[in-house]
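**Student:** Whenever a hint applies, use it, and build me the whole structure from the sequences.
Chains as they are written, first to last, in this note's numbering: chain H, 1 to 501; chain U, 1 to 249; chain Z, 1 to 219.
Some hints could be false.
[Said to hold, decoys possible] Below, computed lysine to aspartate or glutamate pairings styled on EDC-like, alpha-carbon distance capped at 16 Å:
#1 205(Z) / 64(Z)
#2 41(H) / 62(Z)
#3 42(Z) / 474(H)
#4 205(Z) / 187(H)
#5 133(U) / 205(U)
#6 205(H) / 286(H)
#7 89(U) / 307(H)
#8 68(H) / 26(Z)
#9 37(U) / 474(H)
#10 68(H) / 383(H)
#11 89(U) / 16(H)
If you are wondering where the hints come from, they were derived from the structure by calculation, not from laboratory data.
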Amino acid sequence: MKEQAHSPWSNRSFPEAAKDLLADSQIRRNVRHATNVIQAKRNRVVGELPDWEQLRDAGAAIRAHALKHLDHYLAQFEENCTRAGGHIHWARDAAEANRIILELIQRHAAKEVIKIKTMTSEEIGLNRNLQANGIQPHETDLAELIIQLGRDKPSHFVVPALHKNRQQVREIFQREMHLPDLGGQPEDLASAARTYLREKYLRIKVAVSGANFLVAENGAVCIVESEGNGRMCLTLPDVLISLVGIEKVLPRYRDLEVFLQTLPRSATGERMNPYNSIWTGVHAGDGPKEFHVVLLDNGRSPILADDESRQTLQCIRCAACLNACPVYHQTGGHAYESVYPGPIGAILTPQLHSMHEGRSLPYASSLCGACYEVCPVKINIPEVLIHLRGKVVQQDQKTLSGKLGLWNIGMQAAAFLFADASRLSLAQHLGQIGQKVVVSKNGFIEHLPLMLSGWTQTRDLRPLPAQSFRDWWEQREKTQQTPIATAPTSSDKTQEKKHAG
Amino acid sequence: MRVSLFITCYNDTLFPETGKAVVRVLERLGHTVEFRKEQTCCGQMHWNTGYLREAVPIIRHFVDVYRDAEIVVAPSSSCVSMMRDHYMKAADLAQDTKLAADVESLLPRIYEFTEFLVKKLGVEDVGATYPHKVTYHTSCHSQRSLHLGDIPIRLLKQVRSLELLPLENPQECCGFGGTFSIKNADVSSAMLADKARTVLNTGAEVCTAVDNSCLMHIYGSLHRQRTFVRTAHIAEILASTAGAEGGGQ
Amino acid sequence: MPDSQVARDAILSSIRTALRAPAGVDTAAIASEYAALPRLYKREGTMDPAALLDLFTHRLVEYDAGVYRTSAENIGSEVARILSERGRRRIAIPDGLPPEWLPDGFDFQRASRFGEHQLDQLEGVLTGCTVACAETGSIVLQNAAAQGPRSLTLVPDYHLCVVFAAQVLETVPECFARLDADAALPTTFFSGPSATADIEMTRIKGVHGPRFLDVLLVV
Ligand code: SF4
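**Tutor:** Structure below.
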């Protein structure tokens, strides 16, 4: 099952991929602008709600409860959706999901499908697979259309093309839609997309979507969106296929009253999405005649086993953690080399791969906690990051190269020092003497060796002062003096002169 | 009150002036400061880097050292948040119920330095004078874990002759993140560049915070750029009296 | 056993193993656990009716919708006025729309007779609604009398929606309380005309759904 899960885009580690993106000033400018705008909007509309924290508490509790009884709620969803005229399919992995969807499309002899933005379809590489089988998928979400026509990759899961600016979008549309005279205003670009897609909505008979929520109690499916492309795909075709991760189920219909408040405010900074669609199965005279839900596991169920990191699956994909993340601000989404970027991607991606891929991702965070602070379902991402780091370290320690690696040796040595204050004190004395080889003429450390060299590539380091605090304290006790209650001592002043920039 | 100072391993080694400043402030306020020589580290570096099992003995050692302390004060929000957020988990990981019980009894007696002044002692004016332009960086753990809010700012506002200049995006991480700054040196540097730029934009002479880890990082860039701006732990500012500068890097 | 059954059993058993779930599902225990979940958020609105309608109006105006007020007996004449102002004559209507909402001089066409292609040719659509939310400026449509199937309010470029004051509730939870009874009906929340912010986070009106929305508030 593992080998069939989607693979990250390459086997580069996060620091390597980030290096390239940091050199792309255009992407960084675009990302910075977009995240600043969303964050400001989000903060404003979240601030309006006096019960925001209570909504987060409820959201977290409902999602945790649903996961804890996931087997029960999935079976209930299956039963109720089927009763309402829907068809349920189960896919253990990406290959199985691709096969099911392909067969359903081929059964209707369709050569084209229209699609609503869905991260799960990115996850299983659906478009690639359909094309390989002679079926042309058309993305209908404006951002996904930009990505598809530009042969690019999404870098955010609410605004997948946020790394592109209007000039870049215009070039793509001019080239791919054969519109040499297309204007460069956002309105021109949106209207080009409207014309390009409207014909497809009215003609193509099979649509593929994801879903934001499934409701166990009545088999309902909920999709939120902005443009109306979703509604087009959900209502006009004869056949609708929704590919949904098994974790997306909610117990009751009225649970939506929580998430339809927290999701739009977190995701786009709006009080409500322009459109929410909720339906159950098929309805005579309204919408598709045939409705399929493909429930996708693809590495999710094993995550439930870990009490610490199970909360990862509470995610409602609002991307607020991306917008709040200072690491994401610098690199954008592509550095994560995964469909799921940002803080949530850093914990979800490696877990979907049973910690065999994306192992550098749990380290792609300064643990600043901004993600946890904004998360509408209170996923403690920093806590999970540390937990996963623990798994990576344990994996490494099982190999000889990991055991003998500099990090492991350094950490074991430090643990040895911290076990006993006299060892720490000795190390401080040795450091005070030994550092002479790295201290520059100006009294600072400007070059460090080996793995520590990363520090000094952009930062100087102040050397160890001549006397540690514990030595000073000892001296103070010995001399029984307490000069510090008044003015600084002369040694204070010397220190200050020496280290003042 | 008898205050047991947990200096933290890196302040002990790299920033003894901060420790002296804490002692100065607390003694000036009439409290007795003790320093337990057996203290080493809170275990944060190991824990946060994923060396969870290796962190457990360090944590156990910490708890043993301070078991009977009346109050423990540390001039570091990140170390205190390590204790509050992770010590219980470490005890769970080690399946050590005795450690868990010790942690539970010790945690309520542990304070971050500024938190101790304002929340426990109810003091905002510590009698300091610091004739400098200062800007305040809100370290991540101080706001998101300890929820210090405006406590440090309230203390700084009472310092005579101090001109407090607002920092743009004060709550954004400086990019330190412990071993993150080494493992992801490029991204960390990019984050630091933003922070250093906002610090320089304020026109302040001194950037302060409740954590020397961030300040060491920020100063690393300010010094590399050969700017005149210094960094100083908030304790050093609060310890300073008329005409005397409170140390700093 | 068909493939799907194999996959189903494999996934469900993988979930149960991961959760270390005991054999057999104790639905009563799950239900009581569910009932105990914390729900301390605001559920009931607190605003007085006038302020509520003002808030709703304000939200709609922010979305660039036109908002008009009238009394129950004047719906027809207001509909006539708004449609004339908009210059729209060929208007789709759902089944079950009260005849007194339909003034003379317009070409109202029952939607049940059309496919999507014909809808695309019409100049607009006139409907009622099930409920509306003031806090978010949302209107909720269901496939019910005077509202019709989902495509009706999607394909035409202009929507005139009649909302009664009693249908306007303050909070999202209040709306769901009211929707719960007919939760199985196809349901659409819309909040302003279709929009996107995909290009440089600039809000652009009207990508695929109707670009123009007028709301007639009956007080
Ligand atoms: S982890 Fe939380 S903040 Fe991030 S996308 Fe998921 S729900 Fe949103």
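**Student:** So, for every hint listed, does it hold in this structure?
**Tutor:** Hint check:
| no. | hint | result |
| --- | --- | --- |
| 1 | 205(Z) / 64(Z) | 9 Å, holds |
| 2 | 41(H) / 62(Z) | 14 Å, holds |
| 3 | 42(Z) / 474(H) | 59 Å, violated |
| 4 | 205(Z) / 187(H) | 8 Å, holds |
| 5 | 133(U) / 205(U) | 5 Å, holds |
| 6 | 205(H) / 286(H) | 14 Å, holds |
| 7 | 89(U) / 307(H) | 12 Å, holds |
| 8 | 68(H) / 26(Z) | 13 Å, holds |
| 9 | 37(U) / 474(H) | 9 Å, holds |
| 10 | 68(H) / 383(H) | 19 Å, violated |
| 11 | 89(U) / 16(H) | 32 Å, violated |
Hints 3, 10 and 11 from the earlier list are contradicted by this structure; the remaining hints agree with it.
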